[in-house]
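Use the sequences and the hints to build the structure in full.
Going by UniProt numbering, the sequence shown opens with residue 1, and the numbers climb by one from there.
For the record, the hints were derived by calculation from the structure and aren't laboratory data.
All values derive from a computational prediction rather than experimental measurement.
Fair warning: there could be bad hints in the mix.
Label pairs and their computed distance ranges (CB to CB) [claimed, not checked]: (1) 327 / 284: 42 to 48 Å; (2) 336 / 487: 35 to 41 Å; (3) 336 / 522: 55 to 61 Å; (4) 372 / 235: 32 to 38 Å.
C-beta: ideal position from N, C-alpha, C; glycine also.
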Amino acid sequence: MASGAGPALAHRSVASIRSAPLQGPPGPSTPHTPNRNIASAYGSPSTIRADDDVVVLELGSRHIRAGFAGDSSPKATRQCGPEDQRRVGDFRSWQAPRRHAGLDWAPEHEFWRYDLRDVDLGLCQDNLERVVRDAFTKYLLIDSRPRRLGLVLDSAVPVPLLTAVLDTMFNRFQSPTISLMASSVTAAVSAGVRSALVIDLGWAETVVTSVYEYREVKCTRSVRGGRLLLDALYKTLHSLLRENNPDSDSDDDDDDDDDESRTISFDECDDILRRLMWCRPSASKSSQRESTQLETVEEQDESEAESLQDVLQVGVTNVPINSTNPPSTLEIPFEKLAEVCDDTFFDPSVEQATFDDHELPIHLLVYQHLLQLPLDVRAICMSRIIFTGGCSNILGLKQRIIDDLKAIVNKRGWAPVAGKGVDQLRNNPKLQRRPSGSPTGDGPTSPSEAGDDQETASRGAADTSHEHDPIEAKVARYREAPPQVHGQFRVLHSLGSWTGGSLLCQLKMPAMAIIDRDVWLQQGANGASRPSDIDVKAQQRQSVTTGGYARGGGGHHTNWTLGAWGYL
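Following this line, the structure appears as structure tokens:
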């Protein structure tokens, strides 16, 4: 009995020890990682980033910017050049370079052109694939997994070129959906406004676009851009080289291709343009400054005044040129650079009647654009002017455009008709129209009555005071609306078109042109409908889900559109 009771008591004692709570502090134990319950809806963090990231691409004539949606700046800015297009067995770096003058040297540094007659679309696709793949692998550090894409490009890109770009992204990068965004709208978004007048001083041309409530209202263009400026700068530098080297082999100034030993390369000419180009202030602004300077005289040291005058009189910088054979140092006057900029963008020595519609100076182009807008759109856009493009970084160019634009408005107003007859009508009070309510009598009028008639004629309906409305005053008291600035010229700063596209993709804003890969492979560009044939509300409901852009099949996207790009 004792032998049987012993094990039973021992078993009970062990059970009681395990079930009893610990009275003292716990002893040391092996550390362990607690179990984490990760829901199947999310998966791993890398899977979340791969599904949510939208790659934003901005396609320009010479540059391509790439980055993730939500970033403030692109992670990669790639450009096209002849050195980037070399293949195995290309010995051009050991051979004598072939120089080009004028418009012949630009196509090697461009991705595409608006004029597609001499453009090889297959070569454009290969260059685009190489640059985008290089940006993905070296800068964005992403794999070849299919990712949604947002394209920021000009709304005037031709449909064949747009088709080549979409084929490249759908077939070679397997993007499930591509959203098209206009560069002018994204520039307005990055500036924080809904309406703006976007002046794009780009490489190929200057584009003035009026954006009203995130929609492009009107678009006008001029051939005065960076390419024309670079060609004019090349001719000026070439003439300076001939002046500094009169013993050159070629004596004919018109034949630039024969003198290859003195020709400046594209890269050096572009570098001089970026570093030294500047623009003179407006003539109206300079006259006002001179008048104000005559009124007040500031005291200064004579030595400082003499040194300042010497600098202004000399105004020459020495630039080393390494592309010539042999290399030389070129003395470039600053006045020459200002003349090149004035002749390219403004051309003040030529009358306005001699310009074509597509070669207007920039200030006249902006004035004609604003003149053709509706009154309410003009009042909103003229107070939200945004400058973009590479040429907008030229020193003094933006202020010169605004000053010349103000001078035209102060002189002509917003009258659509101009000429000698209009000036005579404006300056002669006898030719002014009488108001409709004034009596038209044949008898003589007294001087007091004539003065009253002139006073009533000068006072329009806009000057009359409105009656007090107590209901409107009570509503305005509780209305929290910021005052809208309109009717005056004002320039806003924008973070760029790429930043606006990044913001739109991050906020999951539906675009009017969302193209699905399956639909594109089935129908191509011919399956796109006109924007007027699309139900906007139905398209937004089908394009947006709780997780962002939906991957719909062909049945959900029977009606789709290329947006503003479908009109070309």
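Each hint, compared with the structure:
Between residue 327 and residue 284 the CB atoms are about 43 Å apart, so this pair conforms to the stated range of 42 to 48 Å. About 40 Å separates the C-beta atoms of residue 336 and residue 487, a value consistent with the hinted range of 35 to 41 Å. For residue 336 and residue 522, the hinted distance range of 55 to 61 Å is satisfied, since their beta carbons lie about 58 Å from each other. One distance hint, 32 to 38 Å for the beta-carbon pair residue 372 and residue 235, holds here, with the actual separation near 34 Å.
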